[in-house]
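Protein chains in written order, with the numbering used here: chain W, 147 to 447; chain E, 190 to 564; chain V, 3 to 310.
Be a bit skeptical, because a hint or two may be false.
[To be verified] Residues from chain V shown here face chain E by an in silico Cβ test under 10 Å; the list is partial:
#: 1; residue: 28
#: 2; residue: 32
#: 3; residue: 129
#: 4; residue: 130
#: 5; residue: 131
#: 6; residue: 137
#: 7; residue: 139
#: 8; residue: 140
#: 9; residue: 144
#: 10; residue: 232
#: 11; residue: 236
[Claimed, not checked] Covered stretches of chain V (in silico footprint by chain W; criterion: 3 or more residues with CB under 8 Å from a CB of chain W, positions within the stretch not fixed):
#: 12; stretch: 117-125
#: 13; stretch: 244-252
#: 14; stretch: 287-296
Just so you know, these hints were derived from the structure itself, not from any lab. All C-beta atoms, glycine included, are put in the ideal place defined by N, C-alpha and C.
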Amino acid sequence: METFLQQLVNGLTVGSIYALIALGYTMVYGILKLINFAHGDLAVLGAFIGLTVITGLAGAGGAPANWIVIVAFVLAVLVVAIAGVLLEFTAYRPLRHAHRLSAVVSALGASMFIENGIMLIWSPQTLTFPEGIMPETTFHYGSVVISATQLFIVAISFVLMLALYLYVNKTRFGTAIRASAIDQDAARLMGINVNKVIVSVFVLGPALGAIGGLFIGVYYRQAVFDMGWIYGLNAFIAAIIGGIGNIPGAMIGGLLLGLFSSLAGGYISSTWQQAIVFGLLILILLVRPTGILGERVAEKV
Amino acid sequence: MLKAKLLIAAAAFSFGVAANAAADTVTFGVQAPITGQYANEGQGIEKAVRLLAKQLNADGGLLGKTVEVVACDDEGKATQAALCGRELSNKGVFTVIGSYTSGATAASQPIFARANILQTSDGTAEQLTQHGYKLFFRNAPPNSAEAKFTGEYLVKAKQYKRIAIIADHSSFAKGLGEAVTEAVKAEGGNIVYNGFINAGSQDYRSVLTSIKSENPDVIYFSGYYSDGGLIRAQQEALGIKADFVGGDANQNVKFGELAGKAAEGAVIINVPAPENLPYPEAKSFLSDYNAAYGENPPSIFTLTNADGMRAIVKAVQETKSFEPSDVADYLHSLRDFPGFTGPLGFDDNGERLGSAFQAFEIQADGSYKTTYPAN
Amino acid sequence: MNTTTLRRAGGILWVVGLMVPLAASNNWISILSIFAIYAVVALSQDVVLGRAGMYDMGHAVYFGIGAYTTAVLNTQFGVPILWTMPIAVVVSAAFGIILSAPIVKLRGDYLLVATIGFNEIFRMAMVNNVGGITGGPDGIFGIGVPSLFGYPIMSQGGMYLINWVLLGVVLVLMNNLDKSRLGRVFRYLKEDELAATTLGVNARYYKILAFALGAGIAGAAGTLFASQLATVSPSAFIFMESVTLFAIVIVGGQASIPGVLLGTVLMFVVPQVFRELAEYRYLVFGLAMIVVMVLRPQGIWPRRSRPE
Numbered sequence: 147m148e149t150f151l152q153q154l155v156n157g158l159t160v161g162s163i164y165a166l167i168a169l170g171y172t173m174v175y176g177i178l179k180l181i182n183f184a185h186g187d188l189a190v191l192g193a194f195i196g197l198t199v200i201t202g203l204a205g206a207g208g209a210p211a212n213w214i215v216i217v218a219f220v221l222a223v224l225v226v227a228i229a230g231v232l233l234e235f236t237a238y239r240p241l242r243h244a245h246r247l248s249a250v251v252s253a254l255g256a257s258m259f260i261e262n263g264i265m266l267i268w269s270p271q272t273l274t275f276p277e278g279i280m281p282e283t284t285f286h287y288g289s290v291v292i293s294a295t296q297l298f299i300v301a302i303s304f305v306l307m308l309a310l311y312l313y314v315n316k317t318r319f320g321t322a323i324r325a326s327a328i329d330q331d332a333a334r335l336m337g338i339n340v341n342k343v344i345v346s347v348f349v350l351g352p353a354l355g356a357i358g359g360l361f362i363g364v365y366y367r368q369a370v371f372d373m374g375w376i377y378g379l380n381a382f383i384a385a386i387i388g389g390i391g392n393i394p395g396a397m398i399g400g401l402l403l404g405l406f407s408s409l410a411g412g413y414i415s416s417t418w419q420q421a422i423v424f425g426l427l428i429l430i431l432l433v434r435p436t437g438i439l440g441e442r443v444a445e446k447v
Numbered sequence: 190m191l192k193a194k195l196l197i198a199a200a201a202f203s204f205g206v207a208a209n210a211a212a213d214t215v216t217f218g219v220q221a222p223i224t225g226q227y228a229n230e231g232q233g234i235e236k237a238v239r240l241l242a243k244q245l246n247a248d249g250g251l252l253g254k255t256v257e258v259v260a261c262d263d264e265g266k267a268t269q270a271a272l273c274g275r276e277l278s279n280k281g282v283f284t285v286i287g288s289y290t291s292g293a294t295a296a297s298q299p300i301f302a303r304a305n306i307l308q309t310s311d312g313t314a315e316q317l318t319q320h321g322y323k324l325f326f327r328n329a330p331p332n333s334a335e336a337k338f339t340g341e342y343l344v345k346a347k348q349y350k351r352i353a354i355i356a357d358h359s360s361f362a363k364g365l366g367e368a369v370t371e372a373v374k375a376e377g378g379n380i381v382y383n384g385f386i387n388a389g390s391q392d393y394r395s396v397l398t399s400i401k402s403e404n405p406d407v408i409y410f411s412g413y414y415s416d417g418g419l420i421r422a423q424q425e426a427l428g429i430k431a432d433f434v435g436g437d438a439n440q441n442v443k444f445g446e447l448a449g450k451a452a453e454g455a456v457i458i459n460v461p462a463p464e465n466l467p468y469p470e471a472k473s474f475l476s477d478y479n480a481a482y483g484e485n486p487p488s489i490f491t492l493t494n495a496d497g498m499r500a501i502v503k504a505v506q507e508t509k510s511f512e513p514s515d516v517a518d519y520l521h522s523l524r525d526f527p528g529f530t531g532p533l534g535f536d537d538n539g540e541r542l543g544s545a546f547q548a549f550e551i552q553a554d555g556s557y558k559t560t561y562p563a564n
Numbered sequence: 003m004n005t006t007t008l009r010r011a012g013g014i015l016w017v018v019g020l021m022v023p024l025a026a027s028n029n030w031i032s033i034l035s036i037f038a039i040y041a042v043v044a045l046s047q048d049v050v051l052g053r054a055g056m057y058d059m060g061h062a063v064y065f066g067i068g069a070y071t072t073a074v075l076n077t078q079f080g081v082p083i084l085w086t087m088p089i090a091v092v093v094s095a096a097f098g099i100i101l102s103a104p105i106v107k108l109r110g111d112y113l114l115v116a117t118i119g120f121n122e123i124f125r126m127a128m129v130n131n132v133g134g135i136t137g138g139p140d141g142i143f144g145i146g147v148p149s150l151f152g153y154p155i156m157s158q159g160g161m162y163l164i165n166w167v168l169l170g171v172v173l174v175l176m177n178n179l180d181k182s183r184l185g186r187v188f189r190y191l192k193e194d195e196l197a198a199t200t201l202g203v204n205a206r207y208y209k210i211l212a213f214a215l216g217a218g219i220a221g222a223a224g225t226l227f228a229s230q231l232a233t234v235s236p237s238a239f240i241f242m243e244s245v246t247l248f249a250i251v252i253v254g255g256q257a258s259i260p261g262v263l264l265g266t267v268l269m270f271v272v273p274q275v276f277r278e279l280a281e282y283r284y285l286v287f288g289l290a291m292i293v294v295m296v297l298r299p300q301g302i303w304p305r306r307s308r309p310e
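Produce the entire structure from the sequences given, and follow the hints as far as they go.
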């Protein structure tokens with residue numbers, strides 16, 4: 147039982163990171179019907195920028211001060227959000243009315259570009275994060291161990307997701323985002339500036355992704371330039387599990403995926419963990435392709 | 190990846206002709222993971238070979254010929270390694286130093302054997318010396334020797350009662366893990382967990398949580414430092430009290446960085462670390478290396494590969510021949526050559542003779558302290 | 003240039019290609035050898051993606067299954083390389099049918115995601131040494147060379163000719179597919195599945211057939227790949243390989259034979275011309291993919307609307 151609870155704790159932590167990154171996929175897909183393959187790499191970019199800020203301001207060795215950590219997160223979010231908007235303008239906007247596969251290849255090219263840009267700037271080697279970025283206190287319940295870092299990651303993720311949910315559902319601009327996802331032309335006729343909506347999605351998604359990426363670095367204490375695709379893929383699977391295009395779905399999908407993957411690794415096979423996750427994905431696509439919460443938008447063929 | 194292969198093919202085309210143009214040069218090839226997961230090991234090997242070549246040339250070269258070095262990056266991957274095999278053969282190298290991983294070495298072995306090229310590698314998987322390749326020389330001691338020592342250490346010296354063993358699927362780590370399992374059983378030890386991780390997957394909490402429920406008093410990991418450091422850190426984070434013992438591939442400065450505070454107290458089993466080598470040749474080479482590159486070699490394998498190259502150079506000088514079979518005959522009967530990593534020789538299969546394993550514990554300041562055998 | 007002239011020009015180029023071993027250096031021969039193999043795989047990817055219009059982003063799986071089939075048969079059972087080719091084709095095609103049968107009903111991006119899943123599962127299966135025959139992450143080494151009439155073909159030139167012949171056969175096959183009823187059915191399915199179904203086309207059957215055909219051809223290329231490199235390992239058949247194949251077709255031009263060949267050439271010529279870029283190569287490569295798509299969304303050499 148305690149082993150099971152420990153797996154739940156581990157799964158919930160990873161799951162909330164997946165959820166943060168999944169939101170970026172799902173918002174872009176909801177409006178543009180485009181799988182933004184570069185999104186995972188944007189998240190990793192956040193991790194590297196955060197690391198640079200932390201080591202730059204705190205110096206090597208010793209735990210960085212709280213204000214440094216906050217500055218790191220803020221700068222990571224800003225830079226990655228700008229990168230997201232640049233990506234939209236250069237790689238996606240010119241292809242908005244082209245065959246959709248052209249945009250897919252453009253996205254793949256962008257992913258390769260960002261990934262290798264990171265490699266060139268920060269080296270191809272695995273970089274390590276200093277210890278003590280978040281409090282290292284641990285709490286013991288029987289043999290179950292929960293670290294303060296895990297609590298922080300889960301709590302901050304929940305707050306951010308709740309904020310996004312409220313923004314999208316309770317504000318005027320949020321309504322515009324939802325309307326554009328349902329029918330761009332109709333939204334335009336209603337006087338919604340769809341281009342502005344799309345830009346906002348490329349600010350919000352990468353911003354949350356950057357936080358997710360930085361969480362990965364803080365949690366595992368390492369970052370490597372090419373880890374974007376596997377985290378991106380997992381986050382994308384999370385978005386599909388929840389129903390792609392659906393914002394609460396991405397949150398639930400991320401958490402479920404984290405839990406499922408953790409339990410599969412613990413109870414079925416740690417070496418087949420990722421394969422089992424893909425098996426689940428294919429099963430969901432076959433049985434309920436619209437995901438758990440259903441897709442709000444009919445798929446454009 | 191496709192593009193990388195093409196690049197290698199293209200590079201082979203551009204340099205192939207130049208390398209052998211002058212008859213008064215002899216070309217040494219380096220096949221190593223210069224980029225990718227094991228990049229710092231691969232770069233260390235290349236640096237050591239270039240330094241030795243420079244020193245040879247300063248002394249008038251090898252039998253009067255200038256030593257040139259060409260390197261090929263196998264990224265630690267088998268397919269790249271096969272392409273490196275082709276590329277270096279096309280460039281007409283006399284001998285190849287490398288590669289670092291057993292898998293990449295095994296992939297290029299048949300190609301060099303067919304092309305009549307001497308090869309020396311630190312790859313410790315047993316199979317490397319079992320194919321009957323007469324021109325292949327292993328410069329690090331094999332898994333079986335390490336496993337025997339590890340079995341003794343875990344069961345006899347430390348008297349562990351509940352042993353957990355983790356490996357990854359690479360031919361090196363899997364082979365070492367299996368050999369250690371056998372050795373522990375042979376010593377009458379009790380294995381409570383035996384499993385695999387996916388190298389590079391970052392999150393080992395699932396498997397560690399399962400291990401925790403078995404309540405082990407030691408976790409042994411046979412894989413590489415990039416995973417070992419994280420396993421040690423996550424073990425600590427999950428409050429698993431067991432000791433950590435790592436196989437030789439955990440010995441790398443990155444292990445300590447990744448494990449952080451948890452590195453202290455972790456034990457690694459290997460031949461002595463570069464800094465701890467007692468031999469005068471080793472000390473002077475280390476200071477030369479430091480002067481040339483401003484850093485220490487990343488691990489002992491930089492030096493075992495340097496030893497492989499030095500043994501070949503020695504054989505050429507003694508036989509006064511660049512004929513691979515003459516050189517190989519000499520090496521097969523070589524005994525007690527003063528290597529950087531201890532007295533060195535090779536048996537008829539090209540297996541390294543002579544080398545003493547140690548268990549050393551990582552200290553708070555990151556240095557190693559030999560704990561077994563006590564001397 | 004009309005289609006007939008184009009076809010003739012292609013034929014002449016192919017014959018010229020046969021002379022390459024007489025004139026070129028070993029290194030050019032190995033470059034062209036690998037070009038021929040990847041051109042075949044790219045053409046097979048085009049059957050599924052460009053012709054039948056299914057977003058298959060896991061095509062490296064079938065290439066890999068062919069290569070592994072040859073590797074296992076040759077190293078474990080001593081089957082001669084060329085004899086393993088028909089078996090590799092059948093095994094790959096069978097996997098094409100088995101894997102595609104449940105998923106061809108998925109539309110667009112959902113199919114794409116499912117095929118990415120297959121690619122990852124395949125890679126993991128090879129890494130985890132399924133059945134103890136795939137050799138784990140390091141793969142299988144020591145694969146032999148083909149032999150003809152009892153003579154082993156050791157030279158690079160000989161290997162190249164075999165690859166070039168396979169490319170020729172596949173080009174003829176593709177050319178015939180263009181003109182055949184099957185090719186037209188694929189085209190209808192791609193352009194308007196609903197209309198095709200109303201006309202009595204069994205969509206599911208033909209979609210699975212497209213996968214079987216594409217997988218089988220990729221399997222044949224896999225045989226030659228395994229023999230060419232003397233080794234197979236999971237890293238040669240990862241998701242990034244599938245992405246590259248996918249991009250070759252879209253960048254070159256869907257359902258266009260010259261487009262696909264050009265796309266494959268670009269993967270060779272570009273890195274060669276810019277080889278001094280070294281570690282910048284993938285950065286430039288990614289950028290080039292974006293630029294080509296923005297400037298020519300239909301691909302560099304798109305298929306004409308009326309090919310006949």
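Hint by hint, here is what the structure shows:
1. Nearest Cβ of chain E to the Cβ of residue 28 of chain V: about 6 Å, under the 10 Å cut. The hint holds.
2. Among the interface hints, the one on residue 32 of chain V holds; its C-beta lies about 5 Å from the nearest C-beta in chain E, closer than the 10 Å criterion.
3. A distance limit of 10 Å between C-beta atoms decides the matter here; for residue 129 of chain V the minimum to chain E is near 6 Å, and the interface restraint holds.
4. Hint on residue 130 of chain V holds. Least Cβ distance to chain E is approximately 6 Å, under the 10 Å limit.
5. Checking residue 131 of chain V against chain E: minimum C-beta separation of about 6 Å stays under 10 Å; hint holds.
6. For the restraint placing residue 137 of chain V at the interface with chain E, the shortest Cβ-Cβ distance is roughly 8 Å, inside the 10 Å limit, so the hint holds.
7. Proximity of residue 139 of chain V to chain E holds as hinted, the smallest CB-CB distance being about 5 Å (cut-off 10 Å).
8. The interface hint given for residue 140 of chain V is met, as the beta carbon of that residue sits about 3 Å from the closest beta carbon of chain E, less than 10 Å.
9. Interface hint status for residue 144 of chain V: upheld, as the beta-carbon distance to the closest one in chain E is roughly 5 Å, under 10 Å.
10. Among the interface hints, the one on residue 232 of chain V holds; its C-beta lies about 6 Å from the nearest C-beta in chain E, closer than the 10 Å criterion.
11. Interface restraint check for residue 236 of chain V: the shortest CB-CB distance to chain E comes to about 9 Å, inside 10 Å, so the restraint holds.
12. Only residues whose beta carbon comes within less than 8 Å of a beta carbon in chain W count, and the stretch 117-125 of chain V has 5; three or more means the coverage holds.
13. Requiring three or more residues with a Cβ within less than 8 Å of a Cβ of chain W, the coverage given for the stretch 244-252 of chain V holds, as 4 such residues are present.
14. Requiring three or more residues with a Cβ within less than 8 Å of a Cβ of chain W, the coverage given for the stretch 287-296 of chain V holds, as 8 such residues are present.
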